[in-house]
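Engineer: Chains as they are written, first to last, in the numbering used here: chain A, 1 to 199; chain B, 1 to 388.
These aren't lab readings, by the way, just hints derived from the structure by calculation.
Model, not experiment: these values are computed from the prediction.
Keep in mind that a hint or two might mislead.
[To be verified] Subject to a maximum C-alpha distance of 20 Å in a straight line, what follows is the list of computed SDA-like cross-link-like pairs (lysine to any residue): (1) A:K99 x B:D228; (2) A:K143 x B:L36; (3) A:K99 x B:Q103; (4) A:K143 x B:N37.
Here is how the chains run, residue by residue.
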Amino acid sequence: MRTENTSLATPDFNPDTTPPASRFDHSGRDVFEILAREHADMLTAYLRSLIGADSSVDDIFQQAMLVAWRRLGDYDRTRPFGPWLRGIAQRLVMEHHRKGKSRPTTTDPAVLVELDARFDQVNRAPGDTFRERADRVTECMSKLPEAMRQALELVYARGLLIIAAAESMGASEEATKKRVQRGRQLLAQCIRSGEIDCE
Amino acid sequence: MNDQRHDNTPIAPPTEHTEPALAADELVSHGLLTFLNNDPPAETERRMRNLMRRIADESPVHAGVRSHRLVFPHARRWIALAACFVIASALVYLGLPTTGSAQAMVLASAASLREPGDRRFEVRVQPRGSKELQETPIGTIDTRGRGAELMVARMQPEEGVWITFGRDATGPWLVYPDGRLERNPPAGALPRLGVVADQPVLPESVDRVLEELASAYTLERTTEKGADGTSSTEHIVGLRRADRAPGVPRIDLWLDAKTNTVKKVELTLPDPPIQRGMGPGRRPDGPGGPEGPDGPRGDRGRRPPPPDGLGEGDEGNDGPLPPPRDGRGPGRRGPDDPEGRGPGGGPNGRGLRGGPSRIELRPVPPPPFPPEWFGPEHHAKRPPAQRP
Numbered sequence: 001m002r003t004e005n006t007s008l009a010t011p012d013f014n015p016d017t018t019p020p021a022s023r024f025d026h027s028g029r030d031v032f033e034i035l036a037r038e039h040a041d042m043l044t045a046y047l048r049s050l051i052g053a054d055s056s057v058d059d060i061f062q063q064a065m066l067v068a069w070r071r072l073g074d075y076d077r078t079r080p081f082g083p084w085l086r087g088i089a090q091r092l093v094m095e096h097h098r099k100g101k102s103r104p105t106t107t108d109p110a111v112l113v114e115l116d117a118r119f120d121q122v123n124r125a126p127g128d129t130f131r132e133r134a135d136r137v138t139e140c141m142s143k144l145p146e147a148m149r150q151a152l153e154l155v156y157a158r159g160l161l162i163i164a165a166a167e168s169m170g171a172s173e174e175a176t177k178k179r180v181q182r183g184r185q186l187l188a189q190c191i192r193s194g195e196i197d198c199e
Numbered sequence: 001m002n003d004q005r006h007d008n009t010p011i012a013p014p015t016e017h018t019e020p021a022l023a024a025d026e027l028v029s030h031g032l033l034t035f036l037n038n039d040p041p042a043e044t045e046r047r048m049r050n051l052m053r054r055i056a057d058e059s060p061v062h063a064g065v066r067s068h069r070l071v072f073p074h075a076r077r078w079i080a081l082a083a084c085f086v087i088a089s090a091l092v093y094l095g096l097p098t099t100g101s102a103q104a105m106v107l108a109s110a111a112s113l114r115e116p117g118d119r120r121f122e123v124r125v126q127p128r129g130s131k132e133l134q135e136t137p138i139g140t141i142d143t144r145g146r147g148a149e150l151m152v153a154r155m156q157p158e159e160g161v162w163i164t165f166g167r168d169a170t171g172p173w174l175v176y177p178d179g180r181l182e183r184n185p186p187a188g189a190l191p192r193l194g195v196v197a198d199q200p201v202l203p204e205s206v207d208r209v210l211e212e213l214a215s216a217y218t219l220e221r222t223t224e225k226g227a228d229g230t231s232s233t234e235h236i237v238g239l240r241r242a243d244r245a246p247g248v249p250r251i252d253l254w255l256d257a258k259t260n261t262v263k264k265v266e267l268t269l270p271d272p273p274i275q276r277g278m279g280p281g282r283r284p285d286g287p288g289g290p291e292g293p294d295g296p297r298g299d300r301g302r303r304p305p306p307p308d309g310l311g312e313g314d315e316g317n318d319g320p321l322p323p324p325r326d327g328r329g330p331g332r333r334g335p336d337d338p339e340g341r342g343p344g345g346g347p348n349g350r351g352l353r354g355g356p357s358r359i360e361l362r363p364v365p366p367p368p369f370p371p372e373w374f375g376p377e378h379h380a381k382r383p384p385a386q387r388p
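With these hints in hand, go ahead and build the complete structure from the sequences.
Structural biologist: As structure tokens, this is what we get:
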């Protein structure tokens, strides 16, 4: 049985903490805005991994960025900003989960560590922005076997429930679920290596 | 390992895996696919705008608090805790609803407006000098999708002149009364319903109005009983906090007590400042006006609206028409106006000289929108007569 503690280093945030006054001048705010804009899409995608299309994404996004802003003094500038921000977001997702406000796809610390590493991989992929790097998924989709690609498109692009997607494809619900799962795994493989190995 | 997610989610949850790496593979794809299909750049922009507004709002407060900070942080914490306890106890004793509970209701209501779906709000105004809201709406705000990512607002600042503006995946757009389409229009081109502290008031999305209400206003909640004696409506009055940047001074919100859904939002605008040395609203660059820059002094914002609503072609500097594109003053109608009548000249008195004193946003059941409704081309290609 795994506990909910995660090994990811996350800041101990306290919303009441007042940041140094120097951050309140316009230049400090501008610097933070640049950092926040640069990582906004990554944070959104990370939250989507954990809570999918749940409407709490907006709230947690804002909370995570606000905590980052208030705790900017604690951020070690020799390290990348993305993992630090994801750490904050992860803590907030778990807090929401404990309060019954959202139901994350996983609370397993080992999976969360692996997930963080996956996002680091995406960030290292070629591309000027996170959106460009994330868009590799679209490219990889075209390399998937037809049935898997179709299942993923129905579920993600058209927003169908698995059962509706199954009906649309004339397949069983179980088979469709399997195609979606396998498709997601192959996509992740493709994002890493650029290739898809269907064996 | 996993929680089963909501039954109504269209996204299949990653299932139990023995290998964390496999589960993480699925989750990263799940996140990227959901992100690419749900969060266009306009959504990111909206989130960033909200964030930076929130940061701008809270910074002076924190900075102010800091200068009066006690030397001993532990003592400060205990004193704050004790103070909170005393205040909370007093409120419980007195049976008063707290700002916190009102704020939670407002935020819950704003969140419910960001759920997927089509929505329409009608916009009504109360002209300055009038005691009632106009019965006929001067416009509508239609939204679709999560976080109102698609938006179309149609405003009729004067009888027969429709200005349509909105937002789609590529950003904001505006269709002028003559049908011209402009992408990323300048802020000054948008119709404004009033001006507060030199900032135009344009409630383009109700969830943003509610977010602002929750973060920048002191809230007071009262429960209004329905005719049958049961609790039916929560009335939340928000007064703009002095430590916030100037804005609409008062916002009233009525919510369904059971569901927190919005029944009505009202924005109360201040009297426009008296400005001396300007004519009654003529722009200095407006041609042919009898009362230009050298016009009678000091009547801007004071002159009552004409009883029949017929204007003289003057709009006032607070007027809602877009800025002139052809060198004409804002008080002139667009090229499609055969009579050259000035705005504010609606036969039913819809002109808003001096701006309204109150703006009401009320949800109505959305009609079935045509497929291209949320795109600007749909509105630009329609002739003005059919544009409403």
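Engineer: Holds or violated: A:K143 and B:N37, Cα atoms, limit 20 Å.
Structural biologist: holds, 19 Å
Engineer: Next pair to validate is A:K143 with B:L36; report whether the Cα-Cα distance is within 20 Å.
Structural biologist: The hint holds at about 18 Å.
Engineer: Within 20 Å, alpha carbon to alpha carbon, are A:K99 and B:Q103?
Structural biologist: Judged against 20 Å, a Cα distance of about 18 Å means the pair holds.
Engineer: Taking only the CA atoms, is the gap from A:K99 to B:D228 under or equal to 20 Å?
Structural biologist: Between A:K99 and B:D228 the Cα gap is close to 35 Å, so the pair fails against 20 Å, i.e. violated.
Hint compliance for this structure: hint 1 alone is broken.
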